[in-house]
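A.B. asks: For the protein sequence lines, the chains are A and B, in the order given.
Residues in the first sequence are numbered from 5 upward in steps of one, following the working numbering.
Residues in the second sequence are numbered from -19 upward in steps of one, following the working numbering.
In short, the hints are calculated from the structure, not lab data.
Please note that a few of the clues may not be correct.
[Said to hold, decoys possible] Below, simulated DSS-like cross-link-like pairs (lysine-lysine); rule was C-alpha separation at most 30 Å, straight line:
| no. | chain 1 | residue 1 | chain 2 | residue 2 |
| --- | --- | --- | --- | --- |
| 1 | A | Lys68 | B | Lys48 |
| 2 | A | Lys497 | B | Lys191 |
| 3 | A | Lys241 | A | Lys486 |
| 4 | A | Lys169 | A | Lys367 |
| 5 | B | Lys38 | A | Lys176 |
| 6 | B | Lys50 | A | Lys519 |
| 7 | A | Lys519 | B | Lys38 |
| 8 | B | Lys4 | A | Lys513 |
| 9 | A | Lys208 | B | Lys4 |
| 10 | A | Lys225 | A | Lys10 |
| 11 | B | Lys89 | A | Lys497 |
| 12 | A | Lys241 | B | Lys4 |
| 13 | A | Lys497 | A | Lys486 |
| 14 | A | Lys68 | B | Lys140 |
| 15 | B | Lys140 | B | Lys38 |
| 16 | A | Lys468 | A | Lys480 |
| 17 | A | Lys367 | A | Lys241 |
| 18 | A | Lys225 | A | Lys390 |
| 19 | A | Lys519 | B | Lys4 |
| 20 | A | Lys169 | B | Lys89 |
| 21 | A | Lys497 | B | Lys178 |
| 22 | A | Lys486 | B | Lys140 |
| 23 | A | Lys497 | A | Lys511 |
| 24 | B | Lys140 | A | Lys142 |
| 25 | A | Lys420 | A | Lys339 |
| 26 | A | Lys511 | B | Lys89 |
| 27 | A | Lys511 | B | Lys48 |
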Amino acid sequence: MDRPIKKIVIVGGGSAGWLSAGIIAAEHQTEGEHGIEITLIESPDVATIGVGEGSWPSMRQTLKAIGISETEFLLQCDATFKQASKFDNWISGANDSYFHPFSLPNGFFEANIAEFWQAHSQQVTFADATTAQSHLCKQGLAPKQITSPEYAFACNYGYHLDAGKFSQFLQKHCCEKLGVNHVLDHVVNINNHENGDIASVSTKQNGDIAGDLFIDCTGFKSLLLGEHYNIDFISQKHVLFNDTALAVHVPYPEENSPIASHTISTAQTSGWIWDIGLPSRRGVGHVYSSSHISDDEAEQQLRSYIAPTMCSDHNLTEIRKISINPGYRSKFWHKNCVAIGMSSGFIEPLEASALAMIELSAKMVAEQLPANRQVMDITAKRYNEKFSYRWQRIIEFLKLHYVLSNRTEPYWQDNKHSESIPEHLAELLTLWKYQTPYSYDTHHTEELFPAASFQYILYGMGFKTQLPERAKREDKSLIANKIFNDNIAHTHKLINALSTNRELLNKIKQYGLSKV
Amino acid sequence: MANHALVNPVAHKDIKIITDRSAKYGDNLWYALTFPREFRSAQAHYPIFFNKDPNTGKFVAVALFGFKDKENLFLDDDGWHASYIPASVQRHPFLIANQTVTEDGVEHKKRMLTLDMDSPRVSHVEGEPLFLPFGGNSDFLDKTASMMEALHLGAIDGQKFTQTLADLDLLEPFTLDVTLNNGSQHQMIGFYTINEDKLDALDIEQLQALKDAKYLQAIYMAIASQSNIRSLIDKKNALVAAQA
């Protein structure tokens, strides 16, 4: 029981497997007497799913920590900068639109700026009043300059990327630079110790591969946690109805067509369409509730969305159908096995949380790696508590987008039924009728969504907070007005200094970004 | 917008170039590009640092003349007080253009001297003539042409130099905090310098490669040139005192 954890076996490639390998191998030496041996087993005959084309700003820190050059990442993974999500037609369906930017509102820590914006809500949207980012997105501008060092920014950003290329890129880096062993083989059996721990996995050609800790990155299959250990799956379909996605690649009309630096999410009658711009193509998909719309109708809506945005002589790639079972496991770390990625749970990509959850999961495994088997159960318990909490927060935050809509179709009306709304979210919504979300609404370290995100969604969707008419001793409205004015000046400065997303990416291709 | 014309003895036979140094001719520069082949002359007067070309993000070496935009502490009503002025400043109003010419059916690139006709340095009255009264280049034009050639080749070598420094991770950003005699504080950001600890940690092969490229001397001259910051501060103090 007090044997040190020396060998980690990751089952499954894809973004989850390779990100986990990279994050753990960047934290721990993989060579020498005190190194951790990391082996990733990837089946040559299982295709990775290749969704998850949007990341959060956390990916910048992750890539930097793994020792990756941002220039190489951008070029090899067909990646672009993502600064926000834009939600079209979510409020009423009549050409409405709002942004959820990655930057916090200007002056967020000086004053709860949302309170002071209420008085101006008829003149300016919350995002436009408090950040430069929504303005930059509308003009197609990049979040940084060619002179900005790698990973540095003028406005906070994450990425849009080609998930397939990303896995290959990470694989190369993990194997060549970080000493991760790569075994291309199919796992045919899982062998237990007497205590129920996994002792080894049997492969077709490489025999039994033993380990002290096994990481299940096998996607929806959940080979170790789900199939082997039968850990319960907690469905969330009663909260988030979407269970099917149709995905397609769309060519640009011209080689130098503008690239949006935000994800565009456009509400439909029974779901929504994502639109993600990469340098070489767009990734577009319709995610919907199969109980509210047929696949044929959903495909028709997807085609109607795409048609005006592409050249008539270009062809779409084949439309791929993906089934989603929204929910997560009752625990993620069981005995000496932890599931990371879709093996642990999956939810529609409305806020592109999948890659961020992988990063957070692998980071906690890397940083809290148990010294030995004896303490592993305690680590596992703490891990499970943390990630159950995180899944619940994601689900509540996604649900928030739906419950505030005024759309009238059955799907949208069903989304507002009280039995579909988690109790904690319902409480918050009641509270927020009279106060704005702020520091009391988020309390964990590494909270997934800061209070600012709740503000962007609530006030973007037109939610009304009626602040009580109470006189405060300290009047912060002067500070708030200064913050609003500063934001206008800062926005002008950035608009003059920044080039378009496409121009910057072309320059990076030509000159690269420097490290400092 | 610059209006560049190929220098030619017919169109430009009466053109003179004003070589005086003054703010009205655009000499009120905060810094200007420099390159290793002129470091020996430049480091005698100016601190040499690095910054990024705003168009490409690539590092370039620059000679510093002041602490903020449009401040050249070497320049006053009597001219530019230093025995050497970087070639990238001296070149105005000339530029080198690449022209594709076909000779004997073979296309090749030729470097041609061009002149910015809109520059306030271009005159019919005062300054150095480009051509002699009865034809032929003036000494001034010949000297300018050879300086432009040196600048062209020096700048190309300079790009390789700064790329080498960047590849070896030797450049680091620094913030210059200056406190003047009158107590006012100024901060200068956006410049880079050579990290001496990293330089000391290079292995023998890396040092040999730098030496072979004739960059080792340039690195030490750039480091030594930082002591010119002191005289730049002195000039600034004198200026502030005179204006007080």
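A.B. asks: Now look at each hint and say whether the structure bears it out.
C.D. replies: Hints versus structure:
Of the pairs offered as hints, the one joining Lys68 of chain A and Lys48 of chain B is violated, with about 33 Å between alpha carbons and a cut-off of 30 Å exceeded. Between the alpha carbons of Lys497 of chain A and Lys191 of chain B the distance comes to roughly 43 Å, so the proposed pair goes past 30 Å and is violated. Distance restraint check for Lys241 of chain A and Lys486 of chain A: the Cα-Cα separation of roughly 45 Å exceeds the 30 Å cut-off, and the hinted pair is therefore not satisfied. Proposed proximity of Lys169 of chain A and Lys367 of chain A is supported: the alpha carbons are some 22 Å apart, at most 30 Å.
As the CA atoms of Lys38 of chain B and Lys176 of chain A are separated by approximately 27 Å, the hinted pair is consistent with the 30 Å bound. Straight-line distance between C-alpha atoms of Lys50 of chain B and Lys519 of chain A comes to about 29 Å, which keeps the hinted pair within the 30 Å bound. Between Lys519 of chain A and Lys38 of chain B the alpha-carbon distance is near 11 Å, which keeps this suggested pair within the 30 Å criterion. Distance check on the hinted pair: Lys4 of chain B and Lys513 of chain A sit about 39 Å apart at the alpha-carbon level, beyond 30 Å; violated.
Proximity of Lys208 of chain A to Lys4 of chain B is assessed by CA-CA distance (about 80 Å); at most 30 Å being required, the pair is judged violated. Pair hint Lys225 of chain A plus Lys10 of chain A holds up; C-alpha atoms about 27 Å apart against a cutoff of 30 Å. Between Lys89 of chain B and Lys497 of chain A, the direct Cα distance comes to roughly 40 Å. Violation of the 30 Å bound is thereby established for this hinted pair. Simply put, Lys241 of chain A and Lys4 of chain B have alpha-carbon atoms about 72 Å apart, too far for the 30 Å limit, and the pair is violated.
A hinted pair counts as satisfied when its Cα atoms are at most 30 Å apart, and Lys497 of chain A with Lys486 of chain A qualifies at roughly 16 Å. Straight-line distance between C-alpha atoms of Lys68 of chain A and Lys140 of chain B comes to about 26 Å, which keeps the hinted pair within the 30 Å bound. At roughly 10 Å between alpha-carbon atoms, Lys140 of chain B and Lys38 of chain B fall within 30 Å of each other, so this suggested pair holds. The hinted pair formed by Lys468 of chain A and Lys480 of chain A meets the criterion: a straight-line CA distance of about 21 Å does not exceed 30 Å.
With a C-alpha separation of about 28 Å, the suggested pair Lys367 of chain A and Lys241 of chain A falls inside the 30 Å cut-off, and the hint holds. Between Lys225 of chain A and Lys390 of chain A the CA atoms are separated by roughly 23 Å; this keeps the pair inside 30 Å, and the hint holds. Distance restraint check for Lys519 of chain A and Lys4 of chain B: the Cα-Cα separation of roughly 38 Å exceeds the 30 Å cut-off, and the hinted pair is therefore not satisfied. A hinted pair counts as satisfied when its Cα atoms are at most 30 Å apart, and Lys169 of chain A with Lys89 of chain B does not qualify at roughly 40 Å.
As the CA atoms of Lys497 of chain A and Lys178 of chain B are separated by approximately 36 Å, the hinted pair breaks the 30 Å bound. Only pairs whose Cα atoms come within 30 Å are accepted, and Lys486 of chain A paired with Lys140 of chain B is rejected, the gap being roughly 47 Å. With a CA separation close to 21 Å, the supplied pair Lys497 of chain A and Lys511 of chain A stays within the 30 Å bound. For the hint linking Lys140 of chain B to Lys142 of chain A, the alpha-carbon distance of about 39 Å lies beyond 30 Å, and the restraint is violated.
Restraint check for Lys420 of chain A and Lys339 of chain A: not satisfied, since their Cα atoms lie roughly 39 Å apart, outside the 30 Å limit. In summary, the hint linking Lys511 of chain A to Lys89 of chain B is supported, as the alpha carbons are separated by about 25 Å, within the 30 Å threshold. The straight-line distance between the Cα atoms of Lys511 of chain A and Lys48 of chain B is roughly 28 Å, inside the 30 Å bound, and the hint therefore holds.
The structure does not agree with the numbered hints 1, 2, 3, 8, 9, 11, 12, 19, 20, 21, 22, 24 and 25 stated previously, though it agrees with the rest.
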